[in-house]
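Protein chains: 2
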Amino acid sequence: MYVILVYDMNQKRVAKMLKLCRRYLHWIQNSVFEGELTGVQLKSLKIEAKEIMRGDDSLILFKSKDERWLEKEVVGEEKNKIDNFL
Amino acid sequence: MYVILVYDMNQKRVAKMLKLCRRYLHWIQNSVFEGELTGVQLKSLKIEAKEIMRGDDSLILFKSKDERWLEKEVVGEEKNKIDNFL
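The listed protein sequences derive, respectively, from chains A and B. Quick note on numbering: the working numbering labels position 10 of the first sequence as 32, and the sequence is numbered without any gaps. Quick note on numbering: the working numbering labels position 33 of the second sequence as 55, and the sequence is numbered without any gaps.
Hints are computed from structural coordinates only; laboratory data are not their basis. There's no promise every hint is true.
Over the 10 Å line for every Cβ pair with chain A, so calculated as not near, a few chain B residues [unchecked claim]:
1. Leu40
2. Ala71
3. Leu83
Below, in silico cross-link-like pairs of lysine-lysine (BS3-like), each with a Cα-Cα straight-line distance of 27 Å or less [as the list claims (entries may be wrong)]:
4. B:Lys72 to A:Lys87
5. B:Lys38 to A:Lys94
6. B:Lys68 to A:Lys72
7. B:Lys94 to A:Lys85
8. A:Lys34 to B:Lys34
9. A:Lys87 to A:Lys68
10. A:Lys72 to B:Lys38
11. A:Lys68 to B:Lys94
12. B:Lys87 to A:Lys85
13. A:Lys87 to B:Lys41
14. A:Lys94 to B:Lys85
15. A:Lys41 to B:Lys94
16. B:Lys34 to A:Lys85
17. B:Lys87 to A:Lys34
18. A:Lys72 to A:Lys85
19. A:Lys38 to B:Lys68
20. B:Lys72 to A:Lys94
21. B:Lys34 to A:Lys72
22. B:Lys85 to A:Lys68
23. B:Lys68 to A:Lys85
We put the beta carbon where it would ideally sit given N, CA and C, even for glycine.
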């Protein structure tokens, strides 16, 4: 499935979460990632994320069965041009 | 259409962008918003956003014709429970 992930982490744990998300998804902006994941990969990502998360930390996942159902538009500076074309 | 909006703004302009996005969408986390917009509303939102944006500021929009094509999952703290149930 196609996944958009957005996290809101305490500064102390943000580096760890960034590293984790980059292992599974493509970074597109600040705390936003996207990519294609299997159900098993998504499950592993969530388990690992929960191990990092504490207190107010939060993670939102938007899942779409097909990437074609989702159109992306960037207004202004594109932060990671390479990742966008992967 | 159903829209997810994520911005990455310079601290100087973030309050203005937050105010603008709240006029059109529901705030769900940090710099993330979602909601149903018509084509005309989306166009207005983009025009207004571009007036605020400078330099490295960036805005990403994910658009889906139907909200049912997109499943949302929150891991950890839900930041704005009221907006989620609107």
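Broken hints, by number: 2, 3, 4, 6, 10, 13, 16, 17, 19 and 21
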